[in-house]
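Using the hints, build the complex out of the two chains.
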Amino acid sequence: MKKSIIAAVLLLFVLSVTAQKLSIENVQKVTLRNADAIKEGSEVKGYYFFYVSDKIDKRTNEYTLQITDNNLKKLKDIKFVDSKDVKILESSFNGTDLIFLFYNDDALTFDYQVYGADGKKKYSYQRQLTKKERRFLENTYLRMDDDENNYKGIYPIDGRGFISNTPSREDKDYTFQVDFFSTEKRKQWSYIPTIGAKKFIGDYLGTFNGVVFLEVLKFTGMMDGKPDSYVVGLDLETGKQLFEKSTDEGKYKFYPASMSILNGDKAYIFGEYFDPNGNIIKDKSHGFAFIGMDEKGKIVSEKYCGWDLELGKFLEVTSKGKIADFGFMYLHNMFQTANGDIYAVGEGFMKVASALGIASTVLSGGRQGVVSNVKVKVTDLIMIKFDKDFNVKEAKIYDKNSNKQELPSGMEFVSTPLIGKLLKYSYGEFDYAYTQMNKDNTAFTVCYSDYVKGKDYKGSTFNAISYNDGKITTDKINTKSEATRSSVLPAQQGQVLILDYYKKDKRLDAHFEKLN
Amino acid sequence: MSVKTIPFLILILLISRLYSTAQAPAIYAFQQDDTLVRNNYLEEVASKKKMLLSGVPKSAASDYKEIYESQFDEINDLVKTRSVTAPVAQEYLQSMVKQVIAANPELAKLHTRIFFTRDWWPNAASMGEGTIGINAGLMVFLHNEAELVFVICHELAHYYRDHTQKSIDKYVETVNSEVFQSELKRLSKVQFGVNKQLEALSKGIAFNSRRHSRDNEAEADRYAFAFMKKTGYDAGGIKTCLELLDKVDDSLLTTLKLEQVLNFDQYPFKPKWIQKESAIFSQLGEDDNQLSKKEKDSLKTHPNCQQRIAFLADSINSAKTGKMFIVNEDLFNNLKKDFFREMTEQCYRKNNLSRNLYYSLLLLQDNSEDQMAVYSVARCLNQLYENQKNHKLGLIIDLEGKEYPAQYNLLLRMLKRLRLEEIAAINQNFCRKYAGLMKDNPDFAKESTKAFQLNKS
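One line per chain: the protein sequences are A and B, in this order. Residue 1 is where the first sequence starts when you use our numbering, and the numbers rise one by one after that. Residue 1001 is where the second sequence starts when you use our numbering, and the numbers rise one by one after that.
Honestly, the hints are just simulated from the structure, not real lab data. Keep in mind that the hints are not guaranteed to be accurate.
[To be verified] Derived pair list, reagent style SDA-like, types lysine to any residue, alpha-carbon separation capped at 25 Å:
id, chain 1, residue 1, chain 2, residue 2
1, A, K76, B, G1401
2, B, K1402, A, T68
3, B, K1272, A, A443
4, A, K73, B, E1403
5, B, K1272, A, D469
6, B, K1272, A, G340
7, B, K1392, A, D500
These numbers come from a predicted model, not from an experiment.
One chain only, chain B, in its complex shape (with noise of 0.2 Å):
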């Protein structure tokens, strides 16, 4: 379930229910994970893959090996690296869970792992051995919990349905059919016009591909639709939901205001890490390409929400009586202020610095004496100066882009722009504001006193 925008009113809502309300702890504990639990996780993901590669055809064995051991790197890592096994969000998430399942016992027999993630993406997946992940990304916009119990009931009407085996299995037979191979050994010994034939080629089996997972979407929708109105959730959720996954995009949540939270007195923020360039194409049209309406729009993933939701309106209406909370409203919102930070973390663990700077700052905005905020900011700025002065910033950091929002590609401007000496001094002068604040935390004082020799250096 791949999610773009959320409209701004509801995010500037979330966002200040997030931080406002948020009398913030002195210094925020991360959830701790129950190793017990990954342990298990992994050891049924290896059985499944056990199992799964005993039963490949021969024929088209080599293919099969290739996809599954490409699916298992990403599920163990996904496991291993990026799930939410802390008791209380699990437990809360399982609750839910069982609930689903209790109404619907034809699912009892799947043998799922469902959990939350650590990513910042707002996305869902079912990885199509059983391992469903909800990121923390998503869970940060959604509303209420009948919009969380949709997410759950569609990622699992994927599995139940068997999508994902079904699209591998139809792609490892298309590429070994017989008319598949004879056109592309044709091909092959053409001279003139080949990669148009071929672009058609393989144009067939993306659209094919495509259309298939389109078909999914539509047919999980269906079924999470049933499964959901068992449940006693307002079905109202789903619209929401969807109108959500439309619309999400993180450029709504509160505009980042570089030129103020990295502002000193001492120090000053300098317009120039900001200011735009001439550029090539400057005004080239966002839809500027070859493609047709109707061709990016078959090549979507997932089809247009709107159109999701249009198909299930009738059924939605009919069935809007249940509610929007069953299990817990005030855990529902902790674990969203929660997750917020669990992800700003999880980028630092994986390298994304400027993603970790970026949502650092945005807490920082918001709650000028968020502790955990200012560590990590600090912790983070220091992180950048090592990398640019090994001359490996470059793989650490994202690229301004037309994919990211106005906001986050400011600060990736900024820190393309920034030399070394321009880093260390904003982390000193950083560091010097917030050392009142932070006179008590001895982490922070490590990076400051880095900061500070830096800066000297």
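One chain only, chain A, in its complex shape (with noise of 0.2 Å):
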């Protein structure tokens, strides 16, 4: 969505560039290939525009890779010339070193190529994939577009290196692959899991210690509906598994969901617990938990806060997890403040009847029709906060208009879990957008869209909840304005970037705001 929305507008810009009086400009051709931010973990450092800037023969083109700082302004541009299926798929930078992972579509390779302080190319990393294996990035990584980088990303190691995770597929294996890409030496490693199942799904959660943790899921085959969960600790300089621990050892069973380096150089792993036989992609969470893991996989401390005993202290909430007037909640993020607190992000979901459905039921003589009895309703936000010692200090609902999504028939029996992946990953209908956080801990935001009907104002909102120095405040920007259009698109923490078109003065005016 994001890189779509700064494509289209900078297409719009080349546009009003090249529709201008200057016969030379209506004769050249530069097309924007792909366009997005650069970060440093959630931070934005910078943004790139690859442009088509010529096309050579029929098979090879010019291009133009542009890379701005975080104010927009140009620091390079790269020429170089190669094939005309070549795009950029994703970047990061690690604090000296940027990367970037362009796609071949035509000759099937990911080419990594790191860039230095210097601006000048260190190294390059190629992985050759295999036709099998393109189909199955087409179904997942290639298809995704996931804000928060779940399953995918690249993941800078601070001045060392890069983590990348990409689905790869291995025989008849459908499985991930990670990757280190150093940016001191020309050093690689790749970790893929392929024994003890037929499919995985591996998250990074992050890097401790000289030891890489991945949240790995494992499926006995394709139709595998409650896969095994496990930590999995790889070494950062070799890439060898040094551990796999199964989140099911404890007294409950554990999903992860984040990793933080905290009290007194500890890693801990934030999830949602299920009963010790649930399943924890269809069953009702729990509630929180709080893993303390050591470099060697050992548990070294447990704490689990419930819905009904911890939770319920500050939110009408149910054992299995559902809040008055807010229905279940999704996790989309939780972190760590420099000061020990902990704070998850969840939005609110529930099963609604679904006027449509009803009514095609009984058109059609009570026979299902195509569409679903129920349908589902996403609520509020929701923030908690806990103490670093785990304890749940404060539970706060943001009010938010509610969206509906109808559902096609037969969901109505599947469970509400399950919907929620569903609705973050099929249908997009949640309003969380992103979570950002400065790098030494000590402010966050937390940015979602909403939509107002209001005397004053009535459209779409970008609203944020920021945290800076203990403090908590709402922000909203209305993105309805006097432009013609208006995209609001991610900036280093604490800022967005503005942009408003004007058609009638062919003017893009692109600014800088911070989020109060």
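Now the structure itself:
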């Protein structure tokens, strides 16, 4: 979504420029192929614009990769000639070096290119894909527009390199591939799990004391609806697997969502917990779990905060996690601030009767129509605060207008948590956009969209919940303005980039604004 | 005449003269413009536009119309909102212009409109139809009347030689020429390598146009020398002026110490406001781009000033008998002081709040009892608060960039990082600090009341 908005707005800009009187510009053909923010973790450090700057022949283009700083001021134009099938999939910055992942659709290659602080290319790492792998990637990685980079992404390791996570196919297995690309010297390793299951989904949790922590779901087959969950540790130097720890071994079944280093340099993994014999995909969670783990995968502490006992002090909630007027919570993110407090950000959703589905059933003489009798209502945003000992300290619901999503027939029998995952990955109905945290963890911003029907303003809004030096504030930007079209894009933590396009004047105002 | 940097020592001296000698008036009285003079200028500009439009060849009427509309919009804005027509400044400038014209009767027929502007950037410009503006941002750096007279002569020479009109004619002729059009037609049908060929074609135009401009600069210098040597001013002013133009850079203004001017007992300055962050291509060389030195130089609007000095060296040495001041040295120096304040205020009027704050803080740093500076800082911080609250701040502040001096960049970084409540807290503490000094200033009282209210909210 973000990428397409940047591209669309930039194209408008290009069009507005080329539409001027100068005939030379009318003949010029420059197309923007990709554009996106370059991030260090969640912080935007710059932007890239990938243009086809000329066509050399039927199979070859000249490209210009323009890199700007986080003020959109041009740092460098990198020009090169390559196949017409090249595009940029991802980028990342690790405090000193920059990496781009180029994809050649025709040659079936992933090309990771590393640029140093001096702006010169340092290393290039290539991965050859098979046709089978491409088909798998087209249905997963290449299709997924995932703001939070779950199950994909290039993650910076401060000053040392990058970790990349992409889906992969090995023989008959559907798995994932974690790569490390060093920026200190030309060095790379890959990790591809293939043993013990037929399907694997991996999520990068973080790196601590030279160990790369991954959350791995193992499925016995493509139709397996009850995967086993593991935390896997890899040696950052070699990529060798150091441990594989089942998340079923504690008091409860646990599904990791994120990891943080806290309380005197210990790794803690956060997430929701379930019945010991439950199903982390389909069942309703019992609450939040905080698992301390050392670099050998040994659990050193466990803490559970149940919906009824712990969160019930702050919310009107059932033991299954249903919150009054809010519904069930879909957990978007968990993170920790410098003072040790932990925040969980979720969004409510609930099944409600569908008038359209019921009418469709009635009209078809009692037989189930194409639309389900239930639909999903996406409700408010919630932020839960835990102290450094993982006790619930506060829970606050942030009101917003609800969205409703009709479901296809048969979905009334699908479990509520699974519907939450469908809302996130298939329907894209949640309003939560992204969370950004600054490098020293003293400030964060949770961003989400909303729609307002007020006296003074009717239209969509971009909303932020900001944390700074222990204080929480909220802010709202009306995205409907006197401009023909306005877009809000991520910028540095605590800021956004607003693009206002004025059709009549053929003018694009790009301005950075702070979230108050 | 674009201006880049100025020698450090000269600037230190200049700034210390600008401020330290200033037993600053309690409240600064801004120059009151003469609306009659301004309206006369506007009428003359309108009549000139009408005359030019009526004379364009039909074959390229739309090209000329487009260029003239844009040119006269700029001239009207300059005269209406940026010109200084206040009698003292205007009469002072005219007395030098009269001297130049009296010594060079061929200039009398030109019917020019020459005035100072309140613009902050160190430049002067001949607008092409007789309007010539000399920016406050250039005046504050000049050392003497001889340098100012050279600037006047140089801009008069551009108009006398009709450089702007000739450039417009040449551009219109080129883009409408059969050769150019047929090349464009051919390229519009080519499938591969079009942009490379277009780049070569457009580079040709840019090169011709720029070279023309460089030739114009050299010619304007030669004519300026010829005009100036008859005026009684020391031609040595040409050399020092060109040296100044070569190096002028407001980073050489006294260094703004943010951590001092915005540090308060109850609200200390936070280093994190200006702390350096990790940045992409942090070690990228200043000159790291694809243009060769020759190409970069050829794309400059003005050729290297050292080269210009070298071209005129013999002439200058043969005519160094004149004076540095003829009209009024004291007035020249007073105007320089005034113009720093005028351009500070103009930045506020033109909604360039970051630069308004920068200059106001510099004034305050130099003289902590400067009431205009105190009021200006308080007012600017309140405006910054309002704009940030309404998500419009990004439209009225500059963004950190290599084109700005380091100390201004630090202020820009700070403005980009300050949270709403921090702006309010800074201004409340600022107003509290200067409450005693400003006790009789009702304008400041309003800003102070507002600052206290904002910090409570």
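### Violating hint indices (sorted, rising)
Per hint list: zero violations.
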